[in-house]
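Taken in order, these protein sequences are the chains called A and B. The opening residue of the first sequence carries number 1 in our numbering; numbering runs sequentially from there. The opening residue of the second sequence carries number 1 in our numbering; numbering runs sequentially from there.
For the record, the hints were derived by calculation from the structure and aren't laboratory data. Incorrect hints may have been included.
To be verified - The following residues of chain B were derived to be distant from chain A, with all beta-carbon distances above 10 Å:
1. N95
2. S192
3. N218
To be verified - Label-pair ranges, simulated between beta-carbon atoms:
4. B/R220 to A/I277: 48 to 54 Å
5. B/H54 to A/P143: 41 to 47 Å
6. A/D244 to B/N202: 29 to 35 Å
7. A/R28 to B/R220: 41 to 47 Å
8. A/F155 to B/P157: 57 to 63 Å
9. B/P157 to A/I277: 50 to 56 Å
10. A/N378 to B/N202: 45 to 51 Å
11. B/A60 to A/D146: 52 to 58 Å
12. A/E319 to B/D187: 33 to 39 Å
13. B/L193 to A/D244: 22 to 28 Å
14. A/R28 to B/M27: 32 to 38 Å
15. B/S9 to A/D244: 41 to 47 Å
As the list claims (entries may be wrong) - Straight-line Cα separation of at most 27 Å, BS3-like style, residue types lysine-lysine; simulated pairs:
16. A/K164 to B/K186
17. A/K247 to B/K189
18. A/K247 to B/K195
19. A/K124 to B/K70
20. A/K196 to A/K144
21. A/K43 to B/K78
22. B/K5 to A/K164
23. B/K83 to A/K164
24. B/K186 to A/K247
Since this is a predicted model, take the numbers as computed values, not measurements. Cβ atoms here follow ideal geometry from the backbone N, Cα and C, with glycine treated the same way.
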Amino acid sequence: MPSATVNKPRPSELLSRLTSAEPEVKVRALREVKNQIIGNRTKKLSFLKLGAVPAVAGILADSIDDVTDNNNCNNDSNNAINILVQSAAALGSFACGFDAGVQAVLDAGAFPNLLRLLANPNEKVVDAVARALRMIYQSKLAPKYDFLQQKNMEFLISLLNSEKENVSGLGASIITRSCETNLEQKALFDAGILRKLNSLLEGGSLSQRDASLESLATIFRNNPEVISKFAGPEIGRPLSSIIDLAKDRYPRTRLLACMCLIVIRNASPHFLQDIGIKTKLIHILLELLDDPGQVGDEAPFAFSSLIAQKEDLQKLALEANAIDKLHHHIKKGSLHPRRYEGILLALADMCSKLESCRSKFLSLQVLNLLADALTDYNAGVRAAACICLKSVTRSIKNLSAGYFMNETIVIPLVQLFLDPSTSVQVAALGATSNIVVDFTTRKSIFVQCGGMKQLVQLAKSMESSVRSNALWALKNFVFQADNRLKEGVFSELTASLLSSLIRDPEPSVQEQALALVRNLVDGCINLIEFVFAEDGLILGAIGRQLQCASTAEIGIQGMYALCNVASGNEFHKEAVMQLLFTQMGDKNQSFVIKFLQSNDSRLCTATVWTIVNLTCPSSPGAPGRLEKLRNAGIVSQIKNMVNDPCVDVKLRVRTVLGQSMAFGDN
Amino acid sequence: MASSKKLISREEWEKRLNNVKIRKEDMNKLVMNFLVTEGNVEAAKKFRMESGTHPDIGLATITDRMAVKKAAQCGNVKDAIEKINDLNPEILDTNPQLFFQLQQQRLIELIRNGKVEAALEFAQEELAPRAEENQSFLEELERTISLVAFEDTSNCPVGELLDISQRLKTASEVNAAVLTSQSNEKDPKLPSLLKMLIWAQNKLDKKAAYPCINDLSNARLEDPTF
Numbered sequence: 001m002p003s004a005t006v007n008k009p010r011p012s013e014l015l016s017r018l019t020s021a022e023p024e025v026k027v028r029a030l031r032e033v034k035n036q037i038i039g040n041r042t043k044k045l046s047f048l049k050l051g052a053v054p055a056v057a058g059i060l061a062d063s064i065d066d067v068t069d070n071n072n073c074n075n076d077s078n079n080a081i082n083i084l085v086q087s088a089a090a091l092g093s094f095a096c097g098f099d100a101g102v103q104a105v106l107d108a109g110a111f112p113n114l115l116r117l118l119a120n121p122n123e124k125v126v127d128a129v130a131r132a133l134r135m136i137y138q139s140k141l142a143p144k145y146d147f148l149q150q151k152n153m154e155f156l157i158s159l160l161n162s163e164k165e166n167v168s169g170l171g172a173s174i175i176t177r178s179c180e181t182n183l184e185q186k187a188l189f190d191a192g193i194l195r196k197l198n199s200l201l202e203g204g205s206l207s208q209r210d211a212s213l214e215s216l217a218t219i220f221r222n223n224p225e226v227i228s229k230f231a232g233p234e235i236g237r238p239l240s241s242i243i244d245l246a247k248d249r250y251p252r253t254r255l256l257a258c259m260c261l262i263v264i265r266n267a268s269p270h271f272l273q274d275i276g277i278k279t280k281l282i283h284i285l286l287e288l289l290d291d292p293g294q295v296g297d298e299a300p301f302a303f304s305s306l307i308a309q310k311e312d313l314q315k316l317a318l319e320a321n322a323i324d325k326l327h328h329h330i331k332k333g334s335l336h337p338r339r340y341e342g343i344l345l346a347l348a349d350m351c352s353k354l355e356s357c358r359s360k361f362l363s364l365q366v367l368n369l370l371a372d373a374l375t376d377y378n379a380g381v382r383a384a385a386c387i388c389l390k391s392v393t394r395s396i397k398n399l400s401a402g403y404f405m406n407e408t409i410v411i412p413l414v415q416l417f418l419d420p421s422t423s424v425q426v427a428a429l430g431a432t433s434n435i436v437v438d439f440t441t442r443k444s445i446f447v448q449c450g451g452m453k454q455l456v457q458l459a460k461s462m463e464s465s466v467r468s469n470a471l472w473a474l475k476n477f478v479f480q481a482d483n484r485l486k487e488g489v490f491s492e493l494t495a496s497l498l499s500s501l502i503r504d505p506e507p508s509v510q511e512q513a514l515a516l517v518r519n520l521v522d523g524c525i526n527l528i529e530f531v532f533a534e535d536g537l538i539l540g541a542i543g544r545q546l547q548c549a550s551t552a553e554i555g556i557q558g559m560y561a562l563c564n565v566a567s568g569n570e571f572h573k574e575a576v577m578q579l580l581f582t583q584m585g586d587k588n589q590s591f592v593i594k595f596l597q598s599n600d601s602r603l604c605t606a607t608v609w610t611i612v613n614l615t616c617p618s619s620p621g622a623p624g625r626l627e628k629l630r631n632a633g634i635v636s637q638i639k640n641m642v643n644d645p646c647v648d649v650k651l652r653v654r655t656v657l658g659q660s661m662a663f664g665d666n
Numbered sequence: 001m002a003s004s005k006k007l008i009s010r011e012e013w014e015k016r017l018n019n020v021k022i023r024k025e026d027m028n029k030l031v032m033n034f035l036v037t038e039g040n041v042e043a044a045k046k047f048r049m050e051s052g053t054h055p056d057i058g059l060a061t062i063t064d065r066m067a068v069k070k071a072a073q074c075g076n077v078k079d080a081i082e083k084i085n086d087l088n089p090e091i092l093d094t095n096p097q098l099f100f101q102l103q104q105q106r107l108i109e110l111i112r113n114g115k116v117e118a119a120l121e122f123a124q125e126e127l128a129p130r131a132e133e134n135q136s137f138l139e140e141l142e143r144t145i146s147l148v149a150f151e152d153t154s155n156c157p158v159g160e161l162l163d164i165s166q167r168l169k170t171a172s173e174v175n176a177a178v179l180t181s182q183s184n185e186k187d188p189k190l191p192s193l194l195k196m197l198i199w200a201q202n203k204l205d206k207k208a209a210y211p212c213i214n215d216l217s218n219a220r221l222e223d224p225t226f
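Pulled out of the complex, with its shape left as it was, chain B reads as follows (with noise of 0.2 Å):
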């Protein structure tokens, strides 16, 4: 069997990855960034404690932001529109789509609770209003709403609204929102990085057969095979 793919043996490779020079500045800078924009504070803070690495937005902003991103994971809405409010009220003021999702999750927690009555008498005064300017906003509305009609809502088509992954998909568009605000980037830079390598391997995979990376958590070498 005839391979056209070049072999590389892993002593190549590994000599290769030895001759390429990282700085350790700029790994320190991709780790605080990571720890920055995810907004741990503590972590950013003993971080820079031990390997002197500034990071480029305040700590400082950092707590304002995720009190309102721990608010919005706790099912706490109502608390995080008024931190947001008391940090930027531009940004729920600017943001339709943004505003919609918060007081749609509200509306979520008051149907798990059990709250029906109050559940409907929120979504009349307050989500109705919006989802007479947008279609989109009038399909979610209704989506939300069927959830009332169901008594086994695990097993229900719209299931998936009540799910914790709702919340902290919510407290994570909050998250990017304050960010872009405070100009900053909303996406950490690590991810980006494994996603381009994992792009790398695969266009490389058609030319060669080299010991490439499959377990990003442990980032072993695996002895290329044909």
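So here's chain A without its partners, still in its complex pose (with noise of 0.2 Å):
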């Protein structure tokens, strides 16, 4: 007669009888514990708020030397199993998959207690121990294990040989955890574990073999001496069982298997690079991506490391149809949050480098897919939204006919500036800087969406990645903009702002900074004025910041900057030459020379081209500020860089001599 009863005890009367001085009341209460917990993170959390880690940690601590043969069949001793198999099982409970309660199994201090359980003469309390483990090792917040103590590595391979599957796949699972270091992969691999991993590759079970797979990448990865030692022909031929697993009947294994050929693809240029297992892999990837499990919301990420920065398989990919098939599972909805994130950034990389890329997926009409994508209520699937758009918005040809620049984009895309997350700002900004380098006349509409504003407030932030990602948008959006909408961001920004910024402590903000100056002052006489606003705040500031110029990029804005002021009239080009002269302290040498000197042929030519403007022929004061130069060595110094090998050094190398000539100079 099938009961279904649901008469429980509460959770605080359950607690209560654990502390029981019996032993059956006790393993009947921790199996029940266990029960309620198994499946259901509500009830882990209000147990946990009860303290009940603590209080079965501690049984299990108190039980810990009540078995210690297996001979005894008495009624005592089966308790005393119990106690320790359910504590323990109840203990992995709590911890799989649910870091507050990693935390509270370590905190309560059972971590040893099961290390030290797991030479337990009983079967079932080693089982229920390395599973508890094995739960810990999953979360980030397990202990870090040393693998280069002598000690421990005898530790490790002696779980590795266990027959019990879930022992050995504790030891897999401490590898794939907190192997990190190159000199960590090495010092396993001169263990001999890559060989055991390897047998039970090939030998195991299917748990067995999926942690293996687990922990050859992560010894594998970026270590192309371990991979090639392995990959060599002593052991057999290894790669071989890896690409074999590949095609196995089981998605997990599948995908693990991929995992394992990218690491050595990506790691090493010696294996793996033919286009017959290139394309395996994309197909095999694509086809994962029907998975409706965890497989399925994994897999877009195992793409994505497969194609990131390779243009080559984003052809393959491309051939394959991956645009179509991604673009299919989006467009099904409903999806797992991770698996959107997924498919987002897989599609944000098939996009990053191809123009045929993104023609194809922009083919889709997929304006509106990503305009929801960037409502979405989690930070990551908006992050990925965001760097998606960045991708595709690199399509100049579909930038220059102000494809993006419409509302259904630009305001959800204005709205994440204000997001909660850095990140998501942060990528919300770079696919704005892109956006706004539209060449129509549209960009109207992102002042319009208060765009522009808050760029400005976001250049204010406390974090300097968006600070500086906010200048570079602003930077682009100023690029060839008409007078007025530039005035707008000037009178927005204010000469004080922009002259703090420039001198801001991060490199990185002070590069933007300069070169949002560039732009703003490039193309229109009125313009320069700018940076003569409040007693010249940001021509002295620029000044300031190319004497201690830290980065060469910090030079290049700046000179171009003083570049652009000095194409203007008289006072301005005399303003540039006092700039250039002053402040040189007990240096004796201006920056200008350095500059001229440097390796950097980016930063020559800008500096050459800054004297361009201050000596061509056409201004009045140019003798006189040609002899200045002269009398400061730079005209000399010009002269030797005649031959440069950079053409843009020496084309206005000549351009310089030629003027100087005009002057009557030899």
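The two chains are supplied separately, each in an independent frame; assemble them into the complex guided by the hints.
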């Protein structure tokens, strides 16, 4: 007769039974706690809050010496075994997929006891304990394992050698979680661990194979030396067993095998480079997208790791209809957020370099889809949508057609400037930076949506990455924009904010601020007045920053800003001259000479351009300026560069020298 | 009426069949695999004695698994859950779909027994939190709860939930999950072979007329017709 009673004791009642002196009551209570929490995150949380974990850990600690041999079959020893098994199982369940639980188990001091119990004579106890430890090691919070200590390595080997699946699986989990450095990878190789993992790969059970694949990938990551030793002739043909597993019947095995092969490919240019394996990997991963579970959620991330930054693979994937397939999955809707994020990032990677991919994607009418993703409740999805947008907006063809500067996209994007998550803000700024390079005259839409004002606000953010990305977007926004737009930006920014950003503690912010000034003053002589506002705040800031430029990029942008100012009238040119010659301090050498002698040809070019503008023959003050430059040794420095290997430098140097000869110099 | 299909007579067909050599051991393995996957321990033991075929799963693990399956088949879901957790606590902890299905079955059993108040309380305490995390769970929960609203459950749109077949479906999912966790294949090979037979016959039908098997239960060859 079916029984479906729901009578069960309240949690607090259960916990008090845990403290009972009677072993049988204790066992029943432990088992009941375990059964209530398994599969039930809500219950795990409520038991956690009631202090269940320290209570159970305490019972484990108290009973640890109660089972000393496997021969007693009486009631007492049965109870002792059950207490250990049930408390370990309960702790394992608290730790399963639940970081707060893992933390609680570690805080309660259960970890060393669980390790000790691995040596217990009773099989069921060892099984339960190994499982619990495996759950802990699946979490980022697991204690770091020191492979470099001899006895630790021996212990690990003994785990891997065990016939029990849970114990060898624990060994593999420890490697997957804790192995990080090349040194540790080599130590594991030297201890023969790879051979052991390889044998599990070929002769082990399903879970042993999967665990092995994960561990191997961890040991191979970014370590071409270990890979070539493993794939070398001594150990047979181990790579082929991994390749075979990529065609295994179980989807999870296929995914893990693919991930392992991708790690090998990415670390070592010698292996798995033929087109056959590339095509195979692409097809297997695209097919795994169809899996409805966790495997399908993770597949797009593996796909990204395969194709990212690699044009040849992106091309192959395009031919394999990757974009259609990825798009098809997003269109289905109600995706798990992890999967949604993964697919968007995969599309971003596909469209990152190739115009053919971007065209394909945009031909699918995806603006509304992206707009939806920009407003998703999950931060990872929002950020991924921005990153995807950043990739597709690299399409100059579509940018110049004004395809992206419309309210469907711009309004949700601007809203993300206020997103609580910094990574979403930065990603939104990245996408914005491309969109505002709109070559049509539709930039005003961005102003109407409040985007420009928001960018200025973000330029004051406490996060340096937000500041620099906001400035980047503003820089692109004012690129070849009309005067009215530029004046709007400048009055919103103000001279004092801009000059303080030029002197920001972060080099990346300094660079973007200088580049922004460069774009602001470019084009029209009236705009040059910006740098003179409020007693020349900005010009002064540029000068001071160029004196102590910490990167070439800062020098380049600063010089181009000065170059643009120097393209103005006499007053402007004289102001630049003054800047170049003051603040020499005790060095007695203008930063100009330092820049001209730089190894970075871009910096040389920018500096020579400035000199070109300062000495252009049509302005009356040119001869005087030329004289000053000559006296400072700048002209002779430039003469030395007349055969510079960089064409840009060479041409501009010859322009200067040509101009100087117009004044009767030789 | 000209036919482009080739005609194969019964004589010729039977000759071809006889030329195919299949080892007795392989046939026995198929049978054993079927008995073991379906969980028929007694039959498997007897078969082992009679044929000397070794099962590829330990018979002891089958007993455990069968206890779980039986509890689910009888509607003793709480018991089934406890047994699975004793066998392997990871299964339900890492398989939200299966766990929800079991809890849903518990709810169905409560409703079946007319324990409406207990059912609603159970739904609220155990199932609602799961449904919050997952849209498809929410839909299933709503479907199940709507059973309560119908007086005549045999005619209502969700009546199939009360059917025995629902229990059997749950029981077989549980069986499959346990098998997979023990690294064993969850489907017996024999039904797949039969499916392949039917598929092959369908393919051949387009090209030839031959003695085919229409009734799988007796495997009798029927004469070819045009």
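Outcome of the hint check:
no., hint, verdict
1, N95, "violated (8 Å)"
2, S192, "holds (12 Å)"
3, N218, "holds (32 Å)"
4, B/R220 to A/I277: 48 to 54 Å, "holds (50 Å)"
5, B/H54 to A/P143: 41 to 47 Å, "holds (44 Å)"
6, A/D244 to B/N202: 29 to 35 Å, "holds (32 Å)"
7, A/R28 to B/R220: 41 to 47 Å, "violated (58 Å)"
8, A/F155 to B/P157: 57 to 63 Å, "holds (59 Å)"
9, B/P157 to A/I277: 50 to 56 Å, "holds (51 Å)"
10, A/N378 to B/N202: 45 to 51 Å, "holds (46 Å)"
11, B/A60 to A/D146: 52 to 58 Å, "violated (39 Å)"
12, A/E319 to B/D187: 33 to 39 Å, "holds (35 Å)"
13, B/L193 to A/D244: 22 to 28 Å, "holds (24 Å)"
14, A/R28 to B/M27: 32 to 38 Å, "violated (48 Å)"
15, B/S9 to A/D244: 41 to 47 Å, "holds (44 Å)"
16, A/K164 to B/K186, "holds (21 Å)"
17, A/K247 to B/K189, "holds (20 Å)"
18, A/K247 to B/K195, "holds (23 Å)"
19, A/K124 to B/K70, "holds (24 Å)"
20, A/K196 to A/K144, "holds (22 Å)"
21, A/K43 to B/K78, "holds (16 Å)"
22, B/K5 to A/K164, "violated (58 Å)"
23, B/K83 to A/K164, "holds (21 Å)"
24, B/K186 to A/K247, "holds (19 Å)"
Violated hints, listed in ascending order, are 1, 7, 11, 14 and 22; each of the other numbered hints is respected by the structure.
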